[in-house]
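**Student:** Sequence lines, in order, name chains A and B.
Per our numbering, the very first residue in the first sequence carries number 1; after that it's consecutive.
Per our numbering, the very first residue in the second sequence carries number 1; after that it's consecutive.
Computed list of lysine-lysine pairs in DSSO-like fashion (alpha-carbon distance at most 27 Å, straight line):
1) A:LYS277 with B:LYS390
2) B:LYS418 with A:LYS277
3) A:LYS224 with B:LYS370
4) B:LYS370 with A:LYS127
5) A:LYS72 with A:LYS17
6) B:LYS241 with A:LYS277
Chain A residues, not near chain B, derived (Cβ > 10 Å throughout):
7) PHE76
8) LEU211
9) VAL286
10) GLY299
Derived from the structure by calculation, the hints contain no laboratory data.
Note that beta-carbon positions come from the ideal geometry of N, C-alpha and C, so glycine has one too.
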Amino acid sequence: MRILSSAPHIRTRRTTKNIMLDVLIALLPAVAASIVYFGWQAAVTILISLAAAVLTEFVWYLVEHKVWRNAKETVFAWAAQFDYTSLVTGLLLALCLPANVAGWYLPLLGSLFAVGIVKMLFGGTGKNIVNPAIAGRVFLFISFTVMANYATFYPAANFDPIGKTSLSELMTGATSLTSGLKDGAMLSNLDLFLGTGVAGCLGETCKVALLVGYLYLCVRGVIKWYLPLLYIGVTGLFAVALEGFDFSFFLPSILSGGLILGACFMATDYVTTPKSKLGNIIYFIVLGLLTAGLRKATGIEVVSFCILLMNFLVFLIDIAIRPRPFGYVRKKKEAKE
Amino acid sequence: MIKKPRAFFRGIRIAGHKSPTDRMPAERLSAIPEVIIPLAQSIGAPAKPVVEVGQAVRRGQCIAEAAGIVSANVHASIAGTVAAIGPRPDGRGGQTDCIVITPADVQEEAFLPSLSEPSAEEILARIAACGIVGMGGAGFPTHVKLAPPVPVDTLILNGSECEPYLTCDDVLMQARKNEVLRGAKYLAKALNASNILIAIEQNKPDDIAAFADSDIDVVPLKKQYPMGAEKQLIYCCTGRKVPLGKLPAHAGVIVQNVATAVAVCEAVEQGKPLIERIVTVTGGGIRQPKNLICPVGTPLSVLAEACGGEQDAVKLVEGGPMTGCALTGTEAVVTKTTGGFLFLTAQETNTDEATPCINCGRCADACPMKLMPMQTEFYTNAKEYENAEKYGGVLACIECGVCSYVCPARRPLAQAIKTAKAELRRKS
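Input sequences plus hints: build the corresponding full structure.
**Tutor:** Here's what the structure looks like:
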């Protein structure tokens, strides 16, 4: 018997699985940088998060597919459909946590929430309304006070903060965001760029590693190159505008905090961005305005909150934008009588 | 003269897979046990048979006449005896009415007289008498297409052949350049069109060079799929956009396939009806891929035999891999519109199960009509066809298959759009 199906009969080699694998590869420089900067505690945090994410999905699948009926086949079926999305979620979540083994339950609970509640409860891959990693981070942020002050306690371990920053100065911000903005002499833009001496989450400090990952994603065609740049650019420019067009704020505001990590890896998540090109451009511009505005208003790092907020608006953007087919002719308005 | 082309928006690049046959001159197929000629070989009503079982027919004799305006005559592709008239399996899971002819020992011809210096009306009448239809795949009767509702000024010959695997138009242009040119002149005369362009994709540099010497303009098109689609082709060659829901004639353009031009040339100069064509038989599942000149009605089994037989083919396709139709078996026959038969191996064709949509937007990025296939599929699965049209766009779809091709989740997007289209047409 021949295989019968509707045209087309050939397909691209690209699959969901290898797109996700590309994202994981793109995050490797950031993982390496986090281990160099924060030491073995970073590795442990990442491993706990990854393991918890995959295990959550695994257990969910087993229960959903009634493993007690046919254990062996269910496990194989899980392996066959496993598409690395939970690994991406686990890794991204770990990269926006502090390096702290004493808080080992944070990546565990975060991954459990991200994969179990945010993704699987809504129907698994492609069905989640908000980005699981972002939701996991926000969940931890508002549930555990230690998260709010992590910058105080977990500066990049292998580097001394340049300019001998006192703890009280660092206390003012969740990340180096506000402290860096307050006193330009304390941390130079280069420090922010390389992440040397900058307190922050595992993945967000070393911008070079993130940009290498961003370039890889662009070359592999996973993300559109202009979208993260749009987000970063709009945030920087709007921050400048809010400070009365003082352009010395441009570089600190785009290089500090989780902006680059969020822009390149989290805001670009396919599932939680609009479908159309125009929709995406609107989404990233509004995201940039929101980030700069809320940063100014609250004085803390808000990238994850902004992305979470915008995720809820994606559906509205999608239904507002109608396709205009090639050769579309604008309908002439009927003459008013 | 070589004209500078444009690129259309979006579209994709696909590996050509044309190398097995693109330098292989077409061979004439001989010794065919019988031909099975379908009565419905074009868009529109099937032709009405005018011969009886047992009657002797000559090659080129009209055996079925057009029924209605949008319909085309059908001619005997070999001389012989009518063995049967009735339904035969069409290779697509259904049955279609056919006239079966068993060959005679002596091949007598019954062509029409040749025309010299024909007028536009004479050319049109000859095209209708010879049953010529668009040979690119859709099969719209040519005499209907040449009588557009509004005057046109440009004729584009479509030699882009953007479908992977197929090389029938390529070898035709290599071998029969002069017939293509003369056919184009006749077509232009019938249309009263002043501009003639021939559009060839850049993966066929020899053809571009050959036609650059001639007196018609050559447009070397970028290799982009679906370049051969009418609306995209017109935009790339002339910069005109065909308004939605309108005919290409409304943009002042008529597009004809190069093979149709050759058929017109033969019809006018030799009085030969459309009874044979070049068919590419290729794919990883056939031992010796070939271009074959075969009479209309030749069964696929004869073609497969002439190409050394099949090997590990899991899927049979009539036409190109992007828009062709999957076949149930080798009982399918060559029609006026068959560009090729593909024997695809499991490795070439993709049979992965669909996984959930991850909303990556690749289908929308690739859609040459700027639609949103993921939205259409979403609403079609929910049987909300009006919403599918509203948010995704259905009726403008040209069914090129790009959306399904690029989908990393392997979702049958093109199929969903076709379903929605059929449902919307049924309702209206």
